[in-house]
Amino acid sequence: MPPPVPVDARGSWLAVEAELGMRFPEDYKHLVEAYGWGEFCDYLNLCTPFGTNRHNGLVWQSGRPSGMAARYRGHYPYPLHPAPGGLLIWGTTIDADRLCWLTTGTAENWPVVVWSSEGWYEPHPMSATGFVEAWVRGRIDSRLLADMEPGLAPWFNAFRPRNHRCLRLTEGPLAHDQRLAILRDALAPTADRGAWRSEQGDSGQDHFATVGADWLLTYDMSHPHQIRISFPPEDGPEIQRHLFAAVRRMRCEVTQISASDGVPLPAWGTVADEDTQT
Numbered sequence: 159m160p161p162p163v164p165v166d167a168r169g170s171w172l173a174v175e176a177e178l179g180m181r182f183p184e185d186y187k188h189l190v191e192a193y194g195w196g197e198f199c200d201y202l203n204l205c206t207p208f209g210t211n212r213h214n215g216l217v218w219q220s221g222r223p224s225g226m227a228a229r230y231r232g233h234y235p236y237p238l239h240p241a242p243g244g245l246l247i248w249g250t251t252i253d254a255d256r257l258c259w260l261t262t263g264t265a266e267n268w269p270v271v272v273w274s275s276e277g278w279y280e281p282h283p284m285s286a287t288g289f290v291e292a293w294v295r296g297r298i299d300s301r302l303l304a305d306m307e308p309g310l311a312p313w314f315n316a317f318r319p320r321n322h323r324c325l326r327l328t329e330g331p332l333a334h335d336q337r338l339a340i341l342r343d344a345l346a347p348t349a350d351r352g353a354w355r356s357e358q359g360d361s362g363q364d365h366f367a368t369v370g371a372d373w374l375l376t377y378d379m380s381h382p383h384q385i386r387i388s389f390p391p392e393d394g395p396e397i398q399r400h401l402f403a404a405v406r407r408m409r410c411e412v413t414q415i416s417a418s419d420g421v422p423l424p425a426w427g428t429v430a431d432e433d434t435q436t
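As numbered in the working numbering, the sequence shown has no gaps in its residue numbers, which increase by one up to the final residue, 436.
Do not take every clue at face value.
[To be verified] What follows is a list of derived Cβ distance ranges for each label pair:
#1 360 to 302: 31 to 39 Å
#2 173 to 329: 23 to 31 Å
#3 421 to 300: 17 to 25 Å
#4 172 to 414: 47 to 55 Å
#5 414 to 177: 21 to 29 Å
If you're looking for bench data, these hints aren't it; they were derived computationally from the structure.
Using N, Cα and C, we set each Cβ at its ideal position, and we do this for glycine too.
Input sequences plus hints: build the corresponding full structure.
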């Protein structure tokens with residue numbers, strides 16, 4: 159499950175520990191070096207202390223609390239780092255919950271505290287690695303976090319540069335399940351990333367990923383009928399060949415190409431404002 163090339167996974171632990179004034183748990187160091195900056199199962203985000211991306215990092219917590227945190231610190235049940243024994247954030251969720259250590263005692267014994275986006279707290283007496291493993295296996299009893307979707311094998315997506323395209327399609331004569339099977343066969347091997355259907359069964363989405371190529375896809379059944387894909391920029395020409403061949407086999411036609419912002423593009427290869435250049 160670890161990515162072949164982890165993002166922001168290597169650097170000087172000694173330098174970071176000196177800046178934060180504490181030693182990190184060894185299990186967290188191994189977790190960072192194996193996985194790097196990224197997301198478990200489209201839900202749990204692992205932060206690392208390395209790299210320069212403003213959305214990643216732990217060192218920002220070495221300063222004094224400011225704003226709301228400083229004004230209302232008496233309302234928090236736990237102190238905030240860098241106060242002794244304070245909460246130190248090592249991860250987040252897509253719902254803006256914060257995954258923290260309670261930095262009391264030795265680093266190897268720091269428990270995890272979930273700090274929800276609504277301001278609720280939930281302690282879990284386990285390491286960061288133990289928490290991640292338990293959550294992806296469906297073994298975390300939490301009132302604050304969503305559950306891992308049952309029946310899916312765990313996965314991890316590194317936060318690497320990606321481009322996004324959306325193909326709006328005509329309906330065609332085939333049923334959705336037939337079209338989905340053709341699409342996944344054209345991109346095989348693939349792995350499930352979850353799905354949902356409306357109560358009426360006339361709308362829904364199927365999420366899956368290619369194995370090895372790191373292409374992430376969502377196939378919308380209708381309203382509108384479309385394929386959305388996220389991919390490394392260098393894979394653009396290859397994924398175009400596979401996708402357009404699949405659409406022909408699905409007996410559909412492409413009516414519009416856009417980037418994730420929804421702005422139509424004249425062609426697949428047109429550079430969008432949001433694209434990462436290779």
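Hint-by-hint comparison with the structure:
| no. | hint | verdict |
| --- | --- | --- |
| 1 | 360 to 302: 31 to 39 Å | holds (33 Å) |
| 2 | 173 to 329: 23 to 31 Å | violated (57 Å) |
| 3 | 421 to 300: 17 to 25 Å | violated (39 Å) |
| 4 | 172 to 414: 47 to 55 Å | holds (52 Å) |
| 5 | 414 to 177: 21 to 29 Å | violated (49 Å) |
Of the numbered hints given earlier, the model fails hints 2, 3, 5; all others are met.
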